[in-house]
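Engineer: Read top to bottom, the protein sequences are chains U, X and Z.
Residue 68 in my numbering is what sits at position 68 of the first sequence, and the numbering runs on without skipping anything.
Residue 302 in my numbering is what sits at position 302 of the second sequence, and the numbering runs on without skipping anything.
Residue 112 in my numbering is what sits at position 112 of the third sequence, and the numbering runs on without skipping anything.
To be clear, the hints were calculated from the coordinates, so they are not data collected in a lab.
Treat each hint with caution, since some may be false.
[As the list claims (entries may be wrong)] Part of the chain Z face toward chain U, derived, beta carbon under 10 Å:
#	residue
1	Asn28
2	Leu30
3	Asn61
4	Leu67
5	Gly71
6	Asn72
7	Asp149
8	Gly153
9	Leu171
10	Asp172
11	Asp183
By construction, the Cβ of each residue, glycine as well, lies at the ideal position given by its N, Cα and C atoms.
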Amino acid sequence: MSPTMTGVVTIVQEGRFQLTGDDGVSHLFILGHSAAAETEQLTLLQRRQARVRVRYRKAANLIGDTVSAIYLDE
Amino acid sequence: MPDDVPVSPEPSGSPQALGGAWQGPTYYGRSQLKPAPFEKWAVGGYIFLAGLSGAAAMISALLDAGQGGPAARPVRRGRYLSLLAPTIGAALLISDLHTPKRFYNMLRIAKPTSPMSIGTWILMGFSSFAGLSAIGQFLSDRVPGLRWLRGAARVAQVPAALAGAGLSTYTASLLSATSTPLWAAAPEALAVRFGSSSIAAGASALSLGEPSRRLRRKLDAVTVAALAAELGAIMASQRSYERKGVADALDGSWGRVEDWGANRLGVIAPLAVHGLSLLASGRDRPLPKALSSAASLAVLAGSLLLRVSILGAGAESAARPDISFRFAQPGNLPEREG
Amino acid sequence: MDMHPRVLDEPRSEFDRMIRNESELTANVLIEPGKSYGFFTDTTVCIGCKACEVACKEWNNLPADNLGLTGNSYDNTGALSANTWRHVAFIEKSGGDGGVRDVEQPPFQSGWLMMSDVCKHCHHAPCLEACPTGALFKTEFDTVVVQQDICNGCGYCVPACPFGVVDINTLDGKAHKCTLCYDRLKGGLEPACAKSCPTDSIQFGELQDLQQRAQARVEALHEVGVENAYLYGVPGAPGATGGLGHLNAFFLLTDRPETYNLPAAPTRASNRVGSSMLSGLAAVAALALGALALFSTRD
Numbered sequence: 001m002s003p004t005m006t007g008v009v010t011i012v013q014e015g016r017f018q019l020t021g022d023d024g025v026s027h028l029f030i031l032g033h034s035a036a037a038e039t040e041q042l043t044l045l046q047r048r049q050a051r052v053r054v055r056y057r058k059a060a061n062l063i064g065d066t067v068s069a070i071y072l073d074e
Numbered sequence: 001m002p003d004d005v006p007v008s009p010e011p012s013g014s015p016q017a018l019g020g021a022w023q024g025p026t027y028y029g030r031s032q033l034k035p036a037p038f039e040k041w042a043v044g045g046y047i048f049l050a051g052l053s054g055a056a057a058m059i060s061a062l063l064d065a066g067q068g069g070p071a072a073r074p075v076r077r078g079r080y081l082s083l084l085a086p087t088i089g090a091a092l093l094i095s096d097l098h099t100p101k102r103f104y105n106m107l108r109i110a111k112p113t114s115p116m117s118i119g120t121w122i123l124m125g126f127s128s129f130a131g132l133s134a135i136g137q138f139l140s141d142r143v144p145g146l147r148w149l150r151g152a153a154r155v156a157q158v159p160a161a162l163a164g165a166g167l168s169t170y171t172a173s174l175l176s177a178t179s180t181p182l183w184a185a186a187p188e189a190l191a192v193r194f195g196s197s198s199i200a201a202g203a204s205a206l207s208l209g210e211p212s213r214r215l216r217r218k219l220d221a222v223t224v225a226a227l228a229a230e231l232g233a234i235m236a237s238q239r240s241y242e243r244k245g246v247a248d249a250l251d252g253s254w255g256r257v258e259d260w261g262a263n264r265l266g267v268i269a270p271l272a273v274h275g276l277s278l279l280a281s282g283r284d285r286p287l288p289k290a291l292s293s294a295a296s297l298a299v300l301a302g303s304l305l306l307r308v309s310i311l312g313a314g315a316e317s318a319a320r321p322d323i324s325f326r327f328a329q330p331g332n333l334p335e336r337e338g
Numbered sequence: 001m002d003m004h005p006r007v008l009d010e011p012r013s014e015f016d017r018m019i020r021n022e023s024e025l026t027a028n029v030l031i032e033p034g035k036s037y038g039f040f041t042d043t044t045v046c047i048g049c050k051a052c053e054v055a056c057k058e059w060n061n062l063p064a065d066n067l068g069l070t071g072n073s074y075d076n077t078g079a080l081s082a083n084t085w086r087h088v089a090f091i092e093k094s095g096g097d098g099g100v101r102d103v104e105q106p107p108f109q110s111g112w113l114m115m116s117d118v119c120k121h122c123h124h125a126p127c128l129e130a131c132p133t134g135a136l137f138k139t140e141f142d143t144v145v146v147q148q149d150i151c152n153g154c155g156y157c158v159p160a161c162p163f164g165v166v167d168i169n170t171l172d173g174k175a176h177k178c179t180l181c182y183d184r185l186k187g188g189l190e191p192a193c194a195k196s197c198p199t200d201s202i203q204f205g206e207l208q209d210l211q212q213r214a215q216a217r218v219e220a221l222h223e224v225g226v227e228n229a230y231l232y233g234v235p236g237a238p239g240a241t242g243g244l245g246h247l248n249a250f251f252l253l254t255d256r257p258e259t260y261n262l263p264a265a266p267t268r269a270s271n272r273v274g275s276s277m278l279s280g281l282a283a284v285a286a287l288a289l290g291a292l293a294l295f296s297t298r299d
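With the rest of the complex left out, here is chain U (with noise of 0.2 Å):
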């Protein structure tokens, strides 16, 4: 199983997105293109900064993961 993180959405452009963990560390996560999420979804998890778990892969020769499932966590 991919790994997981939960954190809270704070910056969002287009299908990218910065999730801040309950540790205070942010990282960079893209919406994967078979993810059921869409990318106007995001904008609205970011307004309400809502907190998620999105599970990932890490993405070759990118500072960043690719996300596959997101599920609110409130």
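Since the structure of chain U is provided, determine the placement of chains X and Z on it from the hints.
Structural biologist: Chains X and Z alone, transformed into the frame defined by chain U:
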């Protein structure tokens, strides 16, 4: 280029001779363009199937109009062959999208400047009418009470054939309306090449299973005419490539596939075989049917290899800065700027 | 550039809210929908600091990519891509012979060329004309933007671009390129790269103003002996050829375009659609007529 544009002080800054290779600088040998992110066999396979289906729809409609009842068998086969593009072809296209779940967004607009948009709607129209024609054929064959559907199939085959004409050649326009040097260098010749290759493929596919020697001869004659047109287009495009300085893109392995697979196997060999066969059929000993079938298979293989090799060689022309810089020179601009 | 009088109203260094129409203060331009905006990049004052690359990545939350060193002078970014929308090119024309750098340089960066490459936001943008979903569109600021909720990653815009700018991100499956900070423009802010450029090599403004400013700069450079200076991307100049019209993001260069990895005479790809379609259809129609004649003979 205006006279005041500087030439690099490097020794290679001599005036660019027409038809010569690139003499100027590159940026660390990096590509200047980006190649199309198409999976070559998926998109090449679609273009082949689109050409085959479109041509099959056209030829079966023409056979039905010219011969009527005696040609019922190849007409039926043609109507079923035309289903390849709407089914397998469309699946190949959708699989090549990088966000396949949004494939329907192609239907949001109709944009005349985009051959991909034009082609989407040609495919939609073709699928509808060719589908109707095939369904009408299928049901009228099997259900006694639905014989009248044969007439409906005949009606639907006309718009199917018209859309099929578009389907057989718009893909060349799709490749030419990019900045990939090999594709942009000879737009008209590539269109004639793709269109005639499609007609040859359609006629060959119908000739392959055809038991009637009379009809087979007619279909092979259509193949000969199409292959002759394709040969002319090959020569015209080669001249354009050399004049515009992109011929080097055909030096690599894809160029070899184009030379041996598309041209020699797909055009010259079948042209010779069918040509001999048609000449010999006046006498009592026609060429063996197996040879004719082999030629038809060669046309089909060559038609597929033509599409795939042009995609591959095009990608190479985009990746090589010496070719893309040589192509994007003022000497290659069309006379009329607009 | 003259300072806008409103600058005097904001003497503080720290702010607790956005400044209304901040671009008036930072770029001396009021951003209004319906006008044509772009970049004038004067490569003769670029110092190669890459602040533009960093600002672009930061604002647009783009992941760091192309990790590692290229060995191509100071250019470790390489090229524009789906995750890199500003790319500073470095070309060392002088020095480096025998491993010893020159201690004297010709003026105006003529010995070392540095140029911040970006999407050209063409007037007749080939990427936009190629897009079959309508994802690429012209904004109210006359810029070209990819709508991320429409793009299905067909990738047709990628070979259409004559400058090799737009690219598909295979991870999220969509096409990406510089948006000219569309979201910042809507908020009255100038683009991140232009704001961060310390030498005003990247100037943001209304296109006509920029073109006038650029022409004056070229003439001034010619007067002080930089004969090689020319504009790339203004109407009639290299880069704006072949039906492209003009480039909203245009450049002042001092060497031939290919040195900077730019094409000398790009073309508007959609100009080839008509003749290609007609030729193909004509050939197919001719073959069809011949076939009909053949099929109609009863033998």
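Engineer: Now look at each hint and say whether the structure bears it out.
Structural biologist: Hints, one by one, checked against the model:
For Asn28 of chain Z, the interface hint is violated, the least distance from its beta-carbon to any beta-carbon of chain U being 27 Å, above 10 Å. Annotation: interface hint on Leu30 of chain Z violated; nearest CB of chain U at approximately 25 Å, more than 10 Å. Here the hint on Asn61 of chain Z is kept, as its CB sits about 4 Å from the closest CB of chain U, short of 10 Å. Here the hint on Leu67 of chain Z is kept, as its CB sits about 6 Å from the closest CB of chain U, short of 10 Å.
Against a cut-off of 10 Å between C-beta atoms, the interface hint on Gly71 of chain Z is violated, since the closest Cβ of chain U lies about 17 Å away. Because the closest C-beta pair between Asn72 of chain Z and chain U is about 17 Å apart, greater than 10 Å, the hint is violated. Taking 10 Å as the C-beta contact cut-off toward chain U, the hint placing Asp149 of chain Z at the interface holds, the least distance being around 5 Å. At its closest, the beta carbon of Gly153 of chain Z sits 7 Å from a beta carbon of chain U; the interface hint therefore holds under the 10 Å criterion.
Because the beta carbon of Leu171 of chain Z sits about 5 Å from the nearest beta carbon in chain U, less than 10 Å, this interface hint is met. Proximity of Asp172 of chain Z to chain U holds as hinted, the smallest CB-CB distance being about 4 Å (cut-off 10 Å). Look at Asp183 of chain Z: its Cβ gets to within about 8 Å of chain U, closer than 10 Å, so that hint holds up.
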